[in-house]
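Asks: The residues making up each chain are set out below.
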Amino acid sequence: MKIRVKVNGKPYEADVEPRTLLAYFLRETLKLTGTHIGCDTTTCGACTVLLDGKAVKSCTILAVQADGREVMTVEGLEKDGQLHPLQAAFWEEHALHCGYCTPGMLMASYALLQENPMPTEEEIRFGLSGNVCRCTGYMNIVKAVQSAARKLSVESREAVGEVATSGTAAD
Amino acid sequence: MALPQTEMRPMGKPILRKEDPRLIRGKGRYVDDILLPNMLHLCILRSPYAHARIRRIDTSKAEAAPGVKLVLTGEDLAKMNLAWMPTLAGDVQMVLATDKVLFQYQEVAAVVAETRAQAEDAIQLIEVDYEPLPVVVDPFKALEPEAPILREDKEKKSNHIWHWEAGDREETEAIFREAPIVVKQDVRFQRVHPSPLEPCGCVADYNTATGKLVFYVTSQAPHVHRTAIALTTGFPEHMIQVISPDVGGGFGNKVPVYPGYVVAIVASLKLGVPVKWIETRTENIASTHFARDYYMTAEIAATEDGKMLALRVKTIADHGAFDATANPTKYPAGLYSIVTGSYDFKAAFVEVDGIHTNKPPGGVAYRCSFRVTEASYLIERVVDIVARRLNMDPVELRLRNFIRKEQFPYRSPTGWVYDSGDYEKTLKLALERIGYEELRKEQAEKRARGELMGIGISTFTEIVGAGPSHSFDILGIKMFDSAEIRVHPMGKVIARLGVRHQGQGHETTFAQIIAEELGLSIDDVVVEEGDTDTAPYGLGTYASRSTPTAGAAAALCARRIRDKARKIAAHLLEVNEDDVVWDGAAFSVKGLPGRSVTMKDVAFAAYTNVPDGIEPGLEATYYYNPPNLTFPYGAYIAVVDIDKGTGAVKVRRFLAVDDCGNVINPMIVEGQVHGGLTEGFAIAFMQDIPYDADGNCLAPNWMDYLVPTSLDTPRWETDRTVTPSPHHPIGAKGVGESPNVGSPAAFVNAVLDALAPFGVEHIDMPIYPWKVWKILREHGITE
Ligand code: FES
Ligand code: FES
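These protein sequences, in sequence, are chains A and B.
Start counting the first sequence at 1; every next residue gets the next number (this note's numbering).
Start counting the second sequence at 1; every next residue gets the next number (this note's numbering).
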């Protein structure tokens, strides 16, 4: 089957078997290997990507279901050579050891912060409970999400401030 | 973007990890990320039976299926003498079964096809005619005279594999005969699995033109894998390049060679194209090597005032169908005789018997230095029971029996020489930090109100860093480790080590050691591991051995470079070598602090201005054979509350005070402790791989074999004391496994402390809510 899908802002067209999972389509057809596979029971979340802005487990979605929609993977987080604040925070807070869960964790955290820009520790733990990390014990992942949330809120306040300033100047 | 890290003198600092920039971008390269042109995919057909004779295998339909390039059975491998392969324990294991299967999920046949989906489709078309045989799942029943003999291939017609013992039987028995108090307890350490997030897998790439076999594999021990492949297949070792790319967690799971690896290699040799095999999670749990599965009985002889005199331990070890335990060859039960722990027993005697059953082979050291977790759990659990019997506080009993600071180096009754420790200091810090006295008061008040709160202590001692090579080897290969350092003309360094990290941060910590020793910045040093063509030979990363062995090799290799650099510095400074001093950052002339040259100056001179009689270049290799193991230890305290209505245990607080000697990077040490505690927590409360009477695996996936999520996992508190190892070049000990070794006993002790009013002395792990709920019901507690 032919599908058209936008991945990290780039349009792709491909012929896929109906049974191809989105995770394999991303990894093998598009060679975006940042999305990982860790289980066969939709338990681990290593495969988490955004589908039209919502976090999904790409091992449990068919590539054909993504037809006409937009996917964002870990490779889409960095903008103009600038790490996304979540990526920087994972680094600074030592939120990864082997790094195999990290792409999924980053995408789940990204979706969480979209919905809830200033989550409490409990909300983060709940929000990431579909993602398994076998290495870190989660404490530093929670810290990283908190620190990225703070940074993003400062950035968005600054952005709002800038708009207000230029608005005043235009008046 | 890169955070600037120009840190000089980086030792002991929380340097951010050098491996992270690629991993947070999704640019890691794990084995399944290797996509080669013309690559084919391998899938394995596995047995539905735990014990069955194979009457016939018909592969004709599979061979005709779309995309299929090759079908392999045990018979095909037998023609190449590859139907069996050696295990790390000196036993043999079937690669693909020929005449019978010995565990459910055992490898029976394999299909290579253009896509993974085609290969999976085709294995369904293979017809196998099985004749089921009687199954043995219980190792005690395996020893009964009427039990079927599982391993017909072996000369010894028994399911008993080996008997092993340590310590002094007579001396121990003499003490037991006279002892005023004897405490005896059966303790089970259930079957678990390391289950790293990335399952096992490989790509075998045989190049027909060059005759070279490149083998990508998610491996903790690439050099051992290269030698094992050469020994098994007869393929010349210098024509095998093993590449262990980024490894998505190991925890002992990625030390052995698995049948899928051998089959992938055979397929690539036959077809002349790359062949990939990536197992599923189910295959990972149900067929790759398990851990633990010990049935232990401990007896402690003590005086009435709480002096522990002697320890006697008997153990039945379930090894499954093949003895594939990953232990140093002379130690079939690993370092289990560390079971006397932190206590000064007069005598001890330890026995272990290895047994075959119809279960997957093993057992590996799951975040553990060879059966140390079983030993630590046992002693820490039983010491608590002794305290209970004597009506003593478990802290008091421990303080009364600790090996004292002045006794180090301490020779244990089973023959280990502990390098250093100050157990009392570490425990006292833990008690103070957690507020032990107040917690006991709170507990008394709660007990009076009928509430269930428990405090659990574990003061364990580990033994990590194998060699020394006079007693430690794996299949004859001595357990040293190695480093090679090259200083380039611009003073930039590439270092390669024989170990292979899986998240422990070697690219950072070993760079810290080398930068510190050479007076360079952390950014000047790149550390590479995992490619057998470039790295010096080493035994790999497991059993917390990397810092004790390869870390030592890195420091001594750098010092070897410094020795040569001193000669060149003398030439540059135009003085005699004896007049040159090194201050950690530069060489200068004794008594003339103004004149100095840095390592960078020396590096440039090593290629541009070498004095007569000195070899050009600035590089060195060091093979380090440790004089002894290192003995990290810790004092852990868990505080739990139990819900009387459901039996659920809530870990309210957990404090880990570790002592791993000098610390290279405190951020990484703390991270390792968090991770290990989480795995210890999972083992104490969630994880078990049970089998039914027919040998069916009842937890072959992550729906049934539970892994803790962020919601389940408690918050960890950490602290440390520092007692350097006297024999390690930088005074460090291993740490990655301490939290997994030490924590299960703290959790379980806390639960039993909470249940003390009911007189319950022991519950086997995992402590599921229903087990606690049942006990509460038995005592008439209903809400
Ligand atoms: S791979 Fe585990 S949830 Fe998708
Ligand atoms: S960092 Fe290894 S699984 Fe999370």
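Any given hint might turn out to be false.
[As the list claims (entries may be wrong)] Chain B stretches covered by chain A per the calculated footprint, using a threshold of three residues with CB under 8 Å from any CB of chain A:
| # | stretch |
| --- | --- |
| 1 | 277-284 |
| 2 | 318-325 |
| 3 | 573-583 |
| 4 | 664-672 |
| 5 | 757-771 |
Derived from the structure by calculation, the hints contain no laboratory data.
For clarity, every value in this text was computed on a predicted model and none was experimentally measured.
A virtual CB, placed ideally from N, CA and C, is assigned to each residue, including glycine.
Asks: The structure should be examined with respect to each hint, and the outcome stated for every one.
Replies: Right, here's what the structure says about each hint:
Figure legend: the stretch 277-284 of chain B, annotated as covered by chain A; annotation consistent (3 residues with Cβ-Cβ distances under 8 Å, at least 3 required). Proximity of the stretch 318-325 of chain B to chain A, defined as three or more residues with a beta carbon under 8 Å from a beta carbon of that chain, is not established by the 0 residues found. Only residues whose beta carbon comes within less than 8 Å of a beta carbon in chain A count, and the stretch 573-583 of chain B has 0; fewer than three means the coverage is violated. For the stretch 664-672 of chain B, the proposed coverage by chain A is satisfied: 5 residues have a C-beta within less than 8 Å of a C-beta in that chain, meeting the threshold of three.
Given as covered by chain A, the stretch 757-771 of chain B fails the check, having 0 residues with a CB less than 8 Å from a CB of that chain where 3 are the minimum.
Hint check: violations occur at hints 2, 3, 5; the rest are consistent with the structure.
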